[in-house]
Amino acid sequence: MKDRIVHTLQELRRYALSKDCEVALSYHEEDSYLIRFANSAISLNTNEHLIRLEITAHADRRRASFALITDLGKIDEMKQGIDTAAEMVAHTQPLTYQPTIPLFTETFIDEDGYDPALAQISNARRLEYFNQAARGLENDEIRLSGIFSSGSNTLAMINTQSEHFQYFKTSDTQVTVVLSHERLKWEVIAEGSAQNIAELDPARLRSELAFLLERYQYDAPQQLPLGKYDIVFGPAATADMITFMNWIGFNGGMMKRGFSFLSEEMVGGKVFSDRITLLDDPDRPETFPFKRDFTGIERNTYPLFQAGVFQGFVWSQDDADEFSAQPTGHTVSHKSLVLQGGNAPVNTLEELVKMPREVDLLYIPFLHYMNIVNPSKGIITASSRFGALLLKKDGTVSVPYNVRLTQSLLDIFGDRVAWLSEACVPYNTSQSYERRNPTAVIVPAFMRVNDLEISHSNASY
Amino acid sequence: MLAQIKGHIEQIKGAGATYVDARWYPYEQQNYLLMWNGNLKQNTSSRESGLGIRVLYKGAWGFSASSDLNNMGVLFDKALDNARLAAERVTLPVRLAEKGALQAKFASPCDTDPFSVPLAEKVAFLREMDEKLNQEGVFQRLSDLFFIRKQIVFADSEGSEIEKLITEVFASMQVTGLDSQGETHRREYRLARHGASTRGWEALDRQRFSENADRIVKEMNQVLVADACPKEDRSVILLPGIMYLQTHETIGHALELDRILGYELAYAGGSFVTLEDFGSLRYGSAKLTARADGTLPNTPGSFGYDDDGVACQNTVLIDKGILVGAITGRQMVEEANTRAKRTIFDGSGGCNRATSFYRVPIERMTNINIDPGEDGNLEDIVRNTEKGIILDGDRSWSIGSNREQFHFGTEIGWLVEDGQIAQVVKNPTYRGDTLKFWNSLSAVGDGSTWEVAYVDNCGKGQPNQVMQLGHGVPVCRFDNVRIGE
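Sequence lines, in order, name chains A and B.
For the first sequence, position 388 matches number 388 in the numbering used here, and the numbering has no gaps at all.
For the second sequence, position 432 matches number 432 in the numbering used here, and the numbering has no gaps at all.
Be careful, since some hints might not be right.
[Stated by the list, open to error] Derived coverage of chain A by chain B (criterion: at least 3 residues anywhere in the stretch with Cβ under 8 Å from a Cβ of chain B; other residues may be distant):
1. 30-44
2. 142-148
3. 453-459
[Stated by the list, open to error] DSS-like cross-link-like pairs, simulated, lysine-lysine; straight-line CA separation at most 25 Å:
4. A:Lys256 - B:Lys426
5. A:Lys354 - A:Lys393
6. B:Lys41 - A:Lys256
7. B:Lys218 - A:Lys377
8. B:Lys132 - B:Lys426
9. B:Lys287 - B:Lys320
10. B:Lys58 - A:Lys377
11. A:Lys74 - B:Lys150
12. B:Lys58 - B:Lys341
13. A:Lys228 - B:Lys231
Since the hints were derived computationally from the structure, they do not count as laboratory data.
Backbone N, C-alpha and C fix where the C-beta goes; we use that ideal spot for every residue, glycine too.
Kindly generate the complete structure, drawing on both the sequences and the hints.
Now the structure itself:
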């Protein structure tokens, strides 16, 4: 298949050259399978096999793109796509800066992240995974929901600058298992992420769900008083906040456009707690990494915050072109973000619950519907969801209704950080908007932050 | 092609399926242009075609889709195989509400196909708007155009054949500025429906855009020098630029029947509404009447027939404050009636839609509207407000997982004291509990305040689907709302 893809792209390249068109071609192929569960049944079992070709035509400072869903047998349709992009670019407006067409100086092929056993996992095995993860935990009132999303993702790119091409192929699985009470409306969750089949672990998910169910089934939930809490964030919550930081934090283009809480003056200065070290590390396979960016720049470990000190902004090629910056190898559809662990020997939920504590701790595993209230100050807002616990200082545990947190990322990752777990886990942050793009962020299992304000507290679910 | 599709539908029905449908997209075109500070940052077009097949087998759904129609039989077989696996785990077998076999056509009103308009003309429109926005105080200026045109051919095993041609135009412009502390503030204007209009290129009214360009720049500059929004309880007067989103998030999503029945619990969330609530829950004050109206001709929430093959309808959701209806499709109404052991819903509301050929139809909003009231125009409402704040523009939104509470940030606020507009404030926010909030509705503007806002990016479902829809809303006032947090 790889050869056919490459031959097709090379033929399209030759066609573009014969027409005197300067183009960059980006091929994306996904084979996606998704079983969705709801109300303890399979509510949907779907698969899509889609091939997309994006053609970006350049003419000096002018640029235009045409994309089509196609298949490899439709070479004439793809050539027409090149003609369309060339026609578009002829009538478009020049940019105020010179966009770079990347020059691939060598061919780069990366299939390290592809596991055919995972990509082609059978329908029956997917169902069996789910059955194992929820075995014995459902009843008439406690219903199973979730997804088993798996598939393969192929990216290939070539342009008229050289004959060399780039080719990436990965496999991935994202699993979400939710148990919810039909009448009482509480929900608990366990999630998994896999890049190869050996990483599938339904027993871990079952264990996490069983532990949470014990609390949620027998404890009456309570409304928390408003005020300040010492909060322990679970991996989903931490990963979501890191993802937002990727957007309104260290992105150079966003900073230049006024949508960042970081500034150029802050580079080299202490911004966060010295417990915070955040890297972009493409050597971590759990993040479905790109070892080259889409312009051919080799990607190596890139420090973003080192012991709280801001190391610098990242620049995609287009932002670098526009703002006269140096591209940093971040023209990619996702980074490989890794928040390093700390020294707290608290690596599982059971350990967290058993841990001696001098004050009440509010455990928030998941932040629902996060949004940016004020990008300049890094203020985000979100609600707790899926298995929050109030860990009381007397060692007991109770179940809180959901609460809202509206706070600056500068505070959350600042000096109020009390500790980070030793162990880190990959949290799958893939979104299925449009094309498949498997993404995961590696974060400590738990992160405790003191004195965070709860601004809204539910009286029910 | 249609004959071939119908042949396969019969074949799969013969293999044991209880229901089969197919949505063939001969084409879907999109065109997006974004001008940012005078740079045409995005100039993208796309075209796709393909087929999506839904099979119901022993009470379970299977779905399959591809753009490659050379092996159509394989695609139908895959959908059946997927349904066979799903049938191994069924708790309540899927049943579909009755509908007739329809032979129908629908085309959204459009005088000029936006895909027939030369690119240069579109770029000229954006350049004109960009130049209008390029005024003192403006740090960033954005304007964009988004066009969709798609043909959908639907056929099912119950004998329906429906052909739709949908054209949509979306447009917006935005300015941002920096205040003396270096904080960013923005103001935006989006194309909305005022009176009779269509959904083609002609919907772009240069005069209206030009006037609104001046207005948003002026208002943004007022925000840049304004005091911060106070943190206190006030009446909030929501203009359509935020009222649409309040309606969308806390009525629209909360009343999607699949959410109520738990089908989104692993992702988008549930709803605080239960089946017992229909007919009795006081959702809002007696001034609140809300409806799902898929019959307004000129908004993206009207599409003729849904992807179950059911005609769009005008359904009352909340009648003078009492919950009476939901956003429904064929499967969910049957399941709801069965679970509730009573007839809550009399047939599908025609709201089941898929965003593309490769996604499965789910309950989506049509036009979720609030009926105009009898409390006069904006000036009348302000005059009758002792201590309030007028809010406009959606800056941020975050909703609880069961839609039970919310937090919104808006672009601009005008404090109201003793019936007079006193001053502009920056970074206004408000929050509340859904039911308490709607029950505090104390004034609903008349028809002069009513407009239809478009939404082009509503996300829901797994795999995720982005949908286009509308909200016809008047100016509304709510009392005792916490602002500034």
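Each hint, compared with the structure:
no. : hint                : result
1   : 30-44               : holds (count 12)
2   : 142-148             : holds (count 4)
3   : 453-459             : holds (count 4)
4   : A:Lys256 - B:Lys426 : holds, 22 Å
5   : A:Lys354 - A:Lys393 : holds, 11 Å
6   : B:Lys41 - A:Lys256  : holds, 15 Å
7   : B:Lys218 - A:Lys377 : holds, 24 Å
8   : B:Lys132 - B:Lys426 : holds, 24 Å
9   : B:Lys287 - B:Lys320 : holds, 6 Å
10  : B:Lys58 - A:Lys377  : violated, 54 Å
11  : A:Lys74 - B:Lys150  : holds, 21 Å
12  : B:Lys58 - B:Lys341  : holds, 22 Å
13  : A:Lys228 - B:Lys231 : holds, 17 Å
Violated hints amount to a single one, hint 10; each of the other numbered hints is respected by the structure.
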